[in-house]
Amino acid sequence: MSLESIPLSYYLILSAILFGIGLAGVLLRKNAVTILLSVEIMLNAANLNLVAFSRYITPAAASGQIFALFVMAIAAAEVAVGLALVLTIYRNVKSVNLDEFNLFKW
Amino acid sequence: MSYPLLTITIFLPLAGALLLQFIPRSQANVIRTIALLIALADLALGIPILTNYHLGQAGMQLVEKVSWIPSLGISYFVGLDGLSLPLYEMTLLLMVVSVLASWSIKDRVREHYSMLLLLAVGMLGTFAALDFILFYIFWELVLIPMYFIIGIWGGENRTYAAVKFFLYTLAGSVLMLVGILALYFTSGLNTFDMVKLMEAGYHHYLATFIFITFFFGFAIKVPMWPFHTWLPDAHVQAPTAGSVLLAGVLLKMGTYAFVRIIVQILPGEFTKFAPYIALLAIISIVYGAYTALAQKDLKKMVAYSSVSHMGYVMLGIAALTPVALNGAILQMINHGLITGMLFLLVGYIYERTHTRDISKLGGISVKIPVLGGMFVFAALASLGLPGLSGFVGELLILLGSYTAYQIYTILAVFTLALTAFYLIRANQNAIFGIPKMAMDGFKDANAREFFSMIPLVIFIVLIGIYPKPFLNYIDPAVNTVLQIIRGS
Amino acid sequence: MVDALAPFVTTVTPWIGHVMSLILLLPVASFLILVVFGKKMGERSSYVAISAVAASFLLSIIAVLFVMGGGRAELSFTWLSVGDFHPTFGLLLDPLSAMMLIVVTLVSMLVQIFSVGYMHGDKRIGWFFACLSMFTASMLLVVYSPNFAETYIAWEGVGVFSYLLIGFWFEKRSASQAAKKAFMVTRVGDLGFAIGLILLYVVAGTLDMNKIFGMDLQAPLAALIAILIFCGAVGKSAQFPLHVWLPDAMEGPTPVSALIHAATMVAAGVYLVARSYPLFEMGPVSLEVVAIIGTITAFIAASIALTATDIKRVLAYSTVSQLGYMMMGLGVGAFAAGMFHLFTHAFFKALLFLGAGSVIHAVHSQEIHDMGGLGPRMKITSLTFIIGGLALAGVPPFSGFWSKDEILLGAYTSGHTAIFWVGILTALLTAFYTFRLIFIVFFGKPRGHHVDHVHESPPVMSVPLIILGTLALVAGMVGSPYLGHFFQVFITNSHEVEHANMFVMGLSIAVAITGIFAAWLKYGTRLLPSGVISKDNPIYKLLVNKYYFDELYYYVLIKPTHAIAKYVLSFDQKIIDGAVNGVAWVSTKVGSGLRQIQTGYVQNYALYMLAGLIVLIIWSFKILGVY
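Chains as they are written, first to last, in the numbering used here: chain A, 14 to 119; chain B, 6 to 493; chain C, 343 to 969.
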């Protein structure tokens, strides 16, 4: 069974489900680390989309795959900065619960 | 004319304000003296302006025009005619007076004088500007120093007053900006040049809309009832120099703009709406007089009397007869001199008594007869005593308005009694009578205070006794205005 | 500016022009000098003021001689020139103004000389003489004025200096109140004057008297304008119903009262009516109004004077009453008689006031019941006062008799019977209250505690009394039949004068004698018991309370005005400013409502972003038509 026998829509649905899970995690979870992980899931959902489209729509070019690689690199950097922030916050307030961080309010 | 006199007089105070920044804060007296010298120099430059001005010649004179942003038709364009020249000269005079009046300010002297000088740039520029964008810039420039003058050196409720003044008048000028832009985009001339717009005449369906935006912008500044409530707060809280300039010059910017912009650029709309403007004017007259009568605070009383007096000016403008319009413009000058003097005196008296409550003052004239006498003089001038300048303006306004608005004019005459009532009552309770407080340490006017009032006294008497030379400047310009009105 | 430097157009031979302007400018110069140096000069201020007014007086004599020689002169210049309004101001010298020049400068001079003694030691004496000078100058300008606008200016000048002089002792609350009242009440009258001027300008297109008098205005319109102008005269000349300020004005120094009552302020109103007489004649109804108002005033004031107990107030009411006579005279068409009464009244009223001043100076009280028996102790004062009293009462040959008789004659011959009889009745009252005053003050036993050291006033005060006494005695002659009605001929410039009517003359002599006799019975002897009129008598109460005019004005005018003012102010603060602050309040509230969204929780923001995104996506789908 070749890769092509699975229709594009399956990939897209999977990507959508992953994105939904990530989004739900970002919006609902309180733990900053979990939220970062959820953001990663969303990014990977996007990556999956990019690769799938590239493979199915323009098989000759690999621009989607390249793009996905870039996203991964940026995501790695983002996780590094994000975790560093979480760590700093944890050092200061001994918590990573986002409910306690509303200093940016009016 | 070889020198750009107007540009020099407008920007000399700016140079002065910059110069002040190089003087150490501790040298308060040096700062004061420099500010005074700048103001005096500016006033002295007013003399060549007068001599270079050709009396009887219609149109703009001493014109300076430099292209500024040609792609948008914006230019640096200044000039004077019979409407603006008297106001311009009066502003120069009142600057000297207010610099002298603020001598007693001890706190942040350098900043205060810088603000005063900056204010002068805005005021002079507003009267001289003949390009809408330039006009708008100067118009807004006036707001900022005045905001700081009220907000920093004002009375106990200064923040409220400053914010109210700023927001209220800013709202007006933003509307005015909308009107200016609408005028620019619809006139088809692609220029902000006021003179060109006047000559071309504006005939477009947006005229009413533009009229309304301008009307709000200027009516707030005048201020006409019911847009007047910023005025008592601002006047009362402002320091003496601030009140003098507010009453003397800032209010005139509104009435001047009515004549310069609305009447001349939208003559058709103005004639259409003139009866309503006259109605608001007569309400201002009567209403201002009644509210002034009910005041317990001397400064507030003078502030509300301004509402009433500016109503006479607006009535004269709305009447659109040569006599009334001449009277209205003369009355702008008179009100500047007289009310300026009243605020000056209230300030000087307050510096001694530390109260402005009419019922707590009393018997001022016993201990400080010069200040007391001057107050009586200014009050009499303000109530339109014949032989002093206020009368001439009022007489012309009333004579000229009768043909247009009979009932209003008769009401305005009756209000003169009310005006006399509150001013005479103030004299009676604050200046005459038995002293109600210990006045042992009080000193009468010192030389500085005395000389800040003398020029005002001289002009009030001169205009009152022989107004012809002054009106000779105004009359040709009034003719031009009325020709535009007739042509519409 | 060149135009401004050469404003004067002289239409006469130069020398009389100089005389005319000097008469006016000397007191003005005195004012300016004293305003600047008065404080330093102190008592010496009087030299400046008196020499100025004396020089004016001498020049006035020259002016009068010039006019007697048939001369007329006018100086004029354009006051201002706007649009089609070019009023020319100036100085006009004709018989009417020449006569007034003499009266004003002479009385003013004598009053100022008297003041040297009366005001001796006052700390603001320089200012006092400055005000007197300018008061005189303003009155001179009223007299001179050939233009209604100029008259109005001078008119208000008279008003303001009277305000300053009545309130001269402003530390005294009653004085500054009286000054305020005088200013406000006359101002109310001036409103009518001002409206009259505006109407006149609209109708005639000018305020130049010469031009207006040459016009032929419609009678109703002319009458309306004339009545409005008369309103000003009612205020200044203290006619009913605006007479209330004059008695209170007695709070001023007595010389000021003398000047106000005799020659300046109150005479200005009568003079104005006389000056605008052609206008009044264009609308004859207005003259009837003048006559009726004058008659009412004459009677009311005389009746109030019956019960007044303050020496100056009695005289004040007598002035109001005599001014009523003058108005009556003008109103019934006896123009020259009205002016003649103004002329004689100026002298005997100045005399009476200065005499009263001399008495007050000696007794230190104004209450007539603190006086009594002053005759032997103050011979000059009492003698001259009695001469003044006889003139006021209208006893021949004193000056007041001739002029009052002329007025009554005018009323009689013109058919104003009711006015004539009220005039006769008022003459009776006048004689009675005048001699009530004289008998109480100068005769009988001394009362009060000051009497022991009462003595005659210094010469600087008594000499003016003697001069005025002489004038009160003889001034009437110039208008009497013995001198061929010289005065009337001079003023009206015609030789048609009323011939004496024995009935009127006899009647007026009879009532004067009756009044004096009644006063003698009541106050000069003990023949009548003192309690003839009970204090509870309603008429007595009405008179003592001056017909309740003050109360009426207080409750009808002043209180409602204050109430309206309070109401308007609270409207201003609550409604108008409330609306402004309301707009600010709404903005603030909307802002603080919106900021509730700004929770600070990042997740909330993310949720909003999501919601916004969804809305955008749906919206764009809709636009693109993709479902």
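Hints were generated in silico from the structure; no laboratory data involved. Just to be clear, a hint being listed does not mean it is correct.
To be verified - Between beta-carbon pairs, the in silico distance windows are:
1) 442/B - 894/C: 48 to 54 Å
2) 906/C - 49/B: 45 to 51 Å
3) 63/B - 514/C: 32 to 38 Å
4) 938/C - 83/A: 36 to 42 Å
5) 104/A - 160/B: 20 to 26 Å
6) 934/C - 448/B: 47 to 53 Å
7) 738/C - 449/B: 54 to 60 Å
8) 149/B - 82/A: 50 to 56 Å
Quick reminder that beta carbons are idealized off the backbone N, C-alpha and C, glycines included.
Status of each hint after checking the structure:
The beta-carbon spacing between residue 442/B and residue 894/C, approximately 36 Å, falls outside the hinted interval of 48 to 54 Å. Look at residue 906/C against residue 49/B: about 49 Å separates their beta carbons, and that is inside 45 to 51 Å. Between residue 63/B and residue 514/C the beta carbons are some 57 Å apart, a value that contradicts the proposed interval 32 to 38 Å. Under the hint 36 to 42 Å, the C-beta atoms of residue 938/C and residue 83/A, about 40 Å apart, fit the expected range.
For the pair residue 104/A and residue 160/B, the beta carbons lie near 51 Å from each other, so the given range of 20 to 26 Å is not met. For the hinted restraint 47 to 53 Å between residue 934/C and residue 448/B, the CB-CB distance of approximately 51 Å keeps it satisfied. Taking 54 to 60 Å as the suggested C-beta distance range, the pair residue 738/C and residue 449/B conforms, at roughly 57 Å. Evaluation of the 50 to 56 Å hint for residue 149/B and residue 82/A yields a pass: the beta carbon distance comes to about 55 Å.
Of the hints listed earlier, those the structure fails to meet are numbers 1, 3, 5, in rising order.
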